[in-house]
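Take a look at the letters that make up each chain.
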Amino acid sequence: SQQGEEDPQALSIQEGENATMNCSYKTSINNLQWYRQNSGRGLVHLILIRSNEREKHSGRLRVTLDTSKKSSSLLITASRAADTASYFCATPNDMRFGAGTRLTVKP
Amino acid sequence: KAGVTQTPRYLIKTRGQQVTLSCSPISGHRSVSWYQQTPGQGLQFLFEYFSETQRNKGNFPGRFSGRQFSNSRSEMNVSTLELGDSALYLCASTYDPYNSPLHFGNGTRLTVT
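Sequence order for the protein chains is A and B.
First residue of the first sequence? That's 39 in this note's numbering, and the numbers climb one at a time after it.
First residue of the second sequence? That's 4 in this note's numbering, and the numbers climb one at a time after it.
Heads up, some of the hints might be wrong.
From the structure, some residues in chain A lie toward chain B, with a derived Cβ separation under 10 Å [as the list claims (entries may be wrong)]:
hint, residue
1, G78
2, N90
3, L99
4, A116
Under the rule of at most 30 Å between Cα atoms (straight-line distance), these lysine-lysine pairs were calculated in the DSSO-like manner [what the hints assert, rightly or not]:
hint, chain 1, residue 1, chain 2, residue 2
5, A, K64, A, K107
6, B, K60, B, K16
7, A, K107, B, K60
8, A, K64, A, K94
9, A, K64, A, K108
10, A, K107, A, K94
11, B, K60, A, K108
12, A, K108, A, K94
13, B, K60, A, K64
Simulated from the structure, these hints should not be mistaken for laboratory data.
C-beta atoms are modelled at their ideal positions from N, C-alpha and C, and glycine is treated no differently.
Assemble the whole structure, with the sequences as input and the hints as a guide.
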């Protein structure tokens, strides 16, 4: 079974709006990572948050981690059409990826 | 610094044939992992190699195998291809798969007819 599970499966928003994606996992982790994938391409690493961190920022990205609930969220602020992609969380302990959230940002 | 290179980019094979895919990791990365991506199953972990040794293996049949060479380049092989093996095969390299980001290639799109 997938370790990380993203929610929602698909999200459609207007440019300028914020997008929030959630990830749940099942076992203990050292860190959790988020990746982006443009259609038919490889995944690109966005951000890594360690198990002793609660929040991390990178540009327009904000990631939170709640180890007590085994969940993480990725917030993209002021979204752009170029943010249209699939987003995955990953738990490296068992090298599993979730099913991903497909984000569509309409211009 | 060159990224992860996967060859070939596209491949069309017939059921029953075998196929070999190649992955050249980023220089200095000794860990290479392989993933299968399909619309129905998402990203599925195949196996991970570190310094020529398979350290982790996903839940795939024995038709799927791999190896890693002394220069960290890796190959995966699928024998007796089935229609369901049609997928995007992704390779990723890293220094430490448990604590460092994975760097992905753009994949090999395999179509089995």
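| request: Against the structure, test the hints numbered earlier, and report the numbers of the ones violated in rising order. | output: 2, 3 and 4
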